[in-house]
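S.K.: Please assemble the complex out of the two chains, which come individually in their own frames, going by the hints.
Going down the list, the protein sequences come from chains D and G. Our numbering puts the first residue of the first sequence at 1, with every later residue one more than the last. Our numbering puts the first residue of the second sequence at 1, with every later residue one more than the last.
You may find that some hints are simply not true.
Ranges between beta-carbon positions, derived for each pair [what the hints assert, rightly or not]:
1. D:Asp154 <-> G:Asp432: 26 to 34 angstroms
2. G:Asn285 <-> D:Leu133: 34 to 42 angstroms
3. G:Lys90 <-> D:Leu324: 40 to 48 angstroms
4. D:Leu324 <-> G:Gly278: 51 to 59 angstroms
5. G:Asp432 <-> D:Leu153: 29 to 37 angstroms
6. G:Gly278 <-> D:Leu133: 34 to 42 angstroms
7. G:Lys90 <-> D:Leu320: 39 to 47 angstroms
8. D:Ile350 <-> G:Phe339: 35 to 43 angstroms
9. G:Lys287 <-> D:Ala120: 43 to 51 angstroms
If the Cβ cut is set under 10 angstroms, some of the chain D residues that face chain G in the computed set are [stated by the list, open to error]:
10. Leu34
11. Arg37
12. Gly337
Just so you know, the hints here were simulated from the structure itself, not pulled from any lab data. Just so it is clear, CB atoms sit at the ideal spot from N, CA and C, and this is done for glycine as well.
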Amino acid sequence: MLKYNDKVLMIVFAILVLTGPVILAPFGAGYPDLLQRFAIFGILAVGYNILFGLTGYLSFGHAAFLGVGSYSTVWMFKLLTMNIIPGMILAIIMSGLFALLIGFITLRRSGIYFSILTLAFAQMSYSLAYSVLTPITNGETGLQIRLADARILDPKNESGSLPSTNLFGFEMNDTWRTTFMGMDLQFNVGFYVCAVILIAAFYVSIRIFRSPFGLMLRAVKTNQNRLMYTGINTKPYTLAAFVISGMYAGLAGALLASMDPLAGAERMQWTESGSIVLMVILGGAGTLLGPVLGAGVIKYFEAIFSRINDNVLHGWFDFLPGFLETFMVWIIHPFVGKGWSLTLGAVFMIIVIFLPGGLMEGANRINKRFGKQKRGSADNAKAPAE
Amino acid sequence: MSVFTPNRRGLIKSGALLGTGLAMPTIFTAGSAAAYTNAPTGSGVTLGFNVPQSGPYADEGADELRAYELAVEHLNGGGDGGMMNTFSSKALSGNGILGNKVNYVTGDTQTKSDAARASAKSMIEKDGAVMITGGSSSGVAIAVQGLCQEAGVIFMAGLTHSNDTTGKDKKANGFRHFFNGYMSAAALAPVLEEMYGPDRNAYHLTADYTWGWTQQESIQAATEAKGWETVNNVLTPLATQDFSSYVAPVLNSGADILVLNHYGGNMINSLTSAVQFGLRDKQVNGKNFEIVVPLYSRLMAKGAGENVKGIFGSTNWHWSLTDAGSQAFVKSFGEKYGFPPSQAAHTVYCQTMLYADAAERAGTFNPCGIAEALEGFDFDGLGNGPTHYRADDHQCFKDVLVVKGKDNPTSDFDLLEVVQVTPRAQVEYAPDHPMFAGGALGKCNPGA
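So that you can see chain G by itself, here it is in the shape it has in the complex (with noise of 0.2 angstroms):
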């Protein structure tokens, strides 16, 4: 960083002196000869690691920070190698990606689309990042995945689980590990009819926002489709701290179940105010008031404590998986930081080696290289089970996890247990699904 270089002010001095008259016919050279945006230039590779470390999501951001230090290292030979030596591809080597050391940058997207975009252009303009990554918010992952598209650059989106990221504002240049709302929804549904019946009233509180639109939506469809009616849905701004009169109205509304379309800091405040109203306790139309939240996460959980005891969701992952994949990831984790990772953790580790890779099968950083090397891959050991790339709209396919709050925990990370795993052909869906329509891939960008 040249902030405090000591020499500063002769170097401002003679800038400013020499500047644009002088020396500007020799010296300068033009830059722009590589075939594609911030080609690397042999000293090492830079990735461009953009999380909210503000604001609802900063747990998430925080966790996966530690997860990108990890890969980075895994990448560059450090460490025990985690989910390297179980992935199917075995292309990686643990010297860097394409023999450049990786080396990386971080910023703060304060779960805010503009800032998110200002700190990923200067990743991009300024510390020449190849690759931005990361993401807790789905507003922010498409803001950002737009952005790439025009700069040229690939994004490996981090926990974004909107349908839109994949479905009408979805681009070459952007791809999606993680599951989305329709999956969820999916999965979620049949269990949901076993536990509760198909005769129940459901309410809805949903951030306002790209993701909680269309996981409601999602929601809604699937759990309309077993014989549940949707009393209401009232969203709710993203910065809400205070929901209390959000869930007071839920009382007298006549339904029995609430769905809770949050995530983060708001879910783990709206559902502790649900319980604090005591809507667990009432019987409605003779029936166990009950509630639901779709998109479950460890930290979540561990932020609303005793509250989450029983309620039903899904997941992405969970690190109590048995696979070979999941262990590896746990147990490197686990020595790095001292606890287990989050799903968070979990997809922008599985995110940055599937860049890593693609690089190197495709032998190159040129997005487009790297895009047709993810399309269509079919890959394996990454603690999803086998996952398919899909080409259409860069969506990953894989299983999901319906978890349930433990009623039990054994310490504080042992907070949800896995009710079941839907397997992967029951979450699949057409590209051109109405959930998802309405966009266009376009062509990848190569920038430059």
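Excised from the complex, chain D in its bound form (with noise of 0.2 angstroms):
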């Protein structure tokens, strides 16, 4: 079982990601879209970090599992039922045996080795979901759900009208909407489906850190060598690693397409494989709290920041005389709407050289120096008379 400190870890995450609605309101980011993708996105890394937080070992081609997740989870809509239970099951089996396939011949090297083979599968799915298996993926289009599919095990529909995901009859994108000490709150179905999946998720990821298997793999990172010289075969737990960290992606994948039943190539494109990387080292590769933190920190550059135009930017500097109004916008202009990426990569950069060890590095170093304090008054008073 759970230690008290991970107990405490785990309540704490647990209020937190529920309370998330509430929470983002204030910031902008209080509505079922983009809090779906910070949980979605909050899976996802927190499964690449059990491969590469504790292992090392860099994959390049991560993207490529949520790929194979989305396009599967849309496929079960099409033929099964629009719960998404059948999608997720399918989802995690494929990606599963993905990852295993390619876990078993590029673990066959490590370091930058390694992470070049991940690059070149992960780039030959998206080819092949781009163009090759166009009947399958439908190319660049996207895969999406029609009304002629024939979903055998739903009801014949007569609506004209597409069916939603849904849940046992919930459906995804029902929301509860509510205003609150002036902010627009919004309670969403979908987003709580994620957010319960993020919650187990996180509980996986911590009993793997606190296990045995979890001592090993980081054993794997700090000396490989060395294991292997003691007569360990190191293969069998870093492909563990690979194919569970596939499927989380699997999974986060299926939950994309659940929210939103669509299934592009762009999703395995190399940039998005970099993403999720950028996710984990800049949340905190290693950590548990951190790849949540990075993948909320990056899709929140992502969604806000590209939205503010020139009309916004003028609103917020109204109050200033009409040269300094126009000077500031010229500045600030090229750091938001499709600069958006320019500034990340500069508090990227930052967060890199100032703090190696992402943002809960940040965190722990406040942590302690309040922590520091505490002591050192302790220290005074138990000072003994001289």
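M.R.: Dropping the structure here:
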């Protein structure tokens, strides 16, 4: 079972995630689509961290598993039912098999060669999805559900509109809106499904981190040669980690498709794989909470900064005299809107240079500083009277 | 935007503390009292402009955004009113739509279905947009149209030329003003036959997505009906930058016509590549080698420069048209931005006006009311002559322009000349035409 500290972490994490719609509303991020993305990419990052954070194997191909998961799920929507459960199960199985195959081949090498191999595999999968496998993936247009799809488990649809994805009747896009302290809060079924799965995924990840298996993976990261000299075959361990993280990615892909029943090939592009690596490093590789934070920060930049246009900027600096207003807008303009990746790049550089351990290192440093002060005062009190 | 509200700390703290538990039963009010998604609450109505601001179609996206801003200005009573004065329907009066001031939000589709849907979703969920419009790629348009159908808002398609948008992927909440691949082929084939003769061998390079596929299919069918042979069709990924490896095999294929089913940045690069390989100076089978670009725009002609001279294609609209609607639009666009609008700008301006007009006539923003007002709507004065919005597939029918790259352009904008205005009757087709079959419009969805 979990130790006391982990229990506290787990409970705090669950509370934070479940109150997401309230906490994030003041930041303009409290709407369902973005909340869902926070949770989904959180799952992806947690899974990626099991591979990269523990074993140190840097995979540049995880977007491929995300795509496999999405395509599997949409096919289940088309063939079986709009209930998301069969889609998720198939997605986890398919991405697991896929990861087993890719992992079996790529894990023959380590370090940079492993990274390049995974990158090559991901690029191959992307090209396959984009053009060669068009009958299965619908190429660039992306796989969508249609009115005429079979859906053999669902009752015949006669409403004339596309059915929504659901979990035993609870529709994913159902939202309960309300106003609270001037903020528009949106409690969305889809988000809570993602949130519960994120919490479960986080729990599994804690268990793996604290298990002998996790210890073994850490040993691989620290000194793989020494492990091999002692007669331990490390490959089953790394392969298991690879497959587990691949299945996490497949699950994330399944949820993406469940929230919005469309699977596109862009999801598998290497830039997507790169952004998963960024999420984990930004938050803090090898830490439990870091990857989820990193995923949140990146998705926040993508969704919010990219939508600030000159109109909005003029609104912010309205109180300044005319020329100053124009000047401020001119300065900030390159960093928002389509320049959001520029801002993200700068933030990423600052964090990697000053906090190599990511956001979690920042949090720890703050913690330590306060901790030290406390200890300091305690020492003073205990100082013996001489 | 509440991103940098000064007292956000306080808000977070109180939000986290009070949160779900304390005030839940009393203060919360049920939200979905309205009959349709994002019904305006009195302060104004929000439209979502979702255009590519990066990627191969970024130029078109930028021009679309200019036209949207102009349309909003005119709707709110600013500027000179543009095409509102020439539009045959006089429901709009310059005081917004149904008395609501028109506001707008913008987003970047990145020419990717995923990103476009995410952007449209946040417009609907976060900004309360009651209508989404835009798109410079059919793949994106189809993806966003599907989303709008599910969310219960109207989608006014921008620049999308694939047959599928109003063919097998048509949706009850989606409307297209732009023409399509079939119409291009029907207008272009007779002109090509007249210019280049009936015994030609065509080689197609085609952008590998729904637009490329359906346009290629249309052009191939129309030209083969005139006696042409199709030698080969090679699909090129949308993200391709360097087309030399695709152009080189054309030289020895025995073809004497190259059809470039490319648009935007793709077309600029592939045409430049083809010209650099000397294709246009070659003689094959005793005939001059020719290049055809079925879908043309002024922005592309500008990008490709010298290379477009004498090349035939079709276009939805061109600023040199002399009817009152076109002239009014060119004048107000030119006065605001200093240069003439592109066809992308024209089509999105029209779509915004048509939406606003439909809302006025229907007396509601309810998607079902608007759909009813647009279906079977006949109008004039928006630059393409008498136009009909067909109820069966939500496709507009109007004259199509066949254009040619000008041999002696007088300015940076005077790059295309209109060869022929193909009358509407020649490009019309039955709603159940095989190239458009396989989809269902479904029922209008008001959401909520």
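S.K.: Against the earlier hints, flag every one the structure doesn't satisfy and list their numbers going up.
M.R.: Checked against the structure, no hint fails, so every one of them is satisfied.
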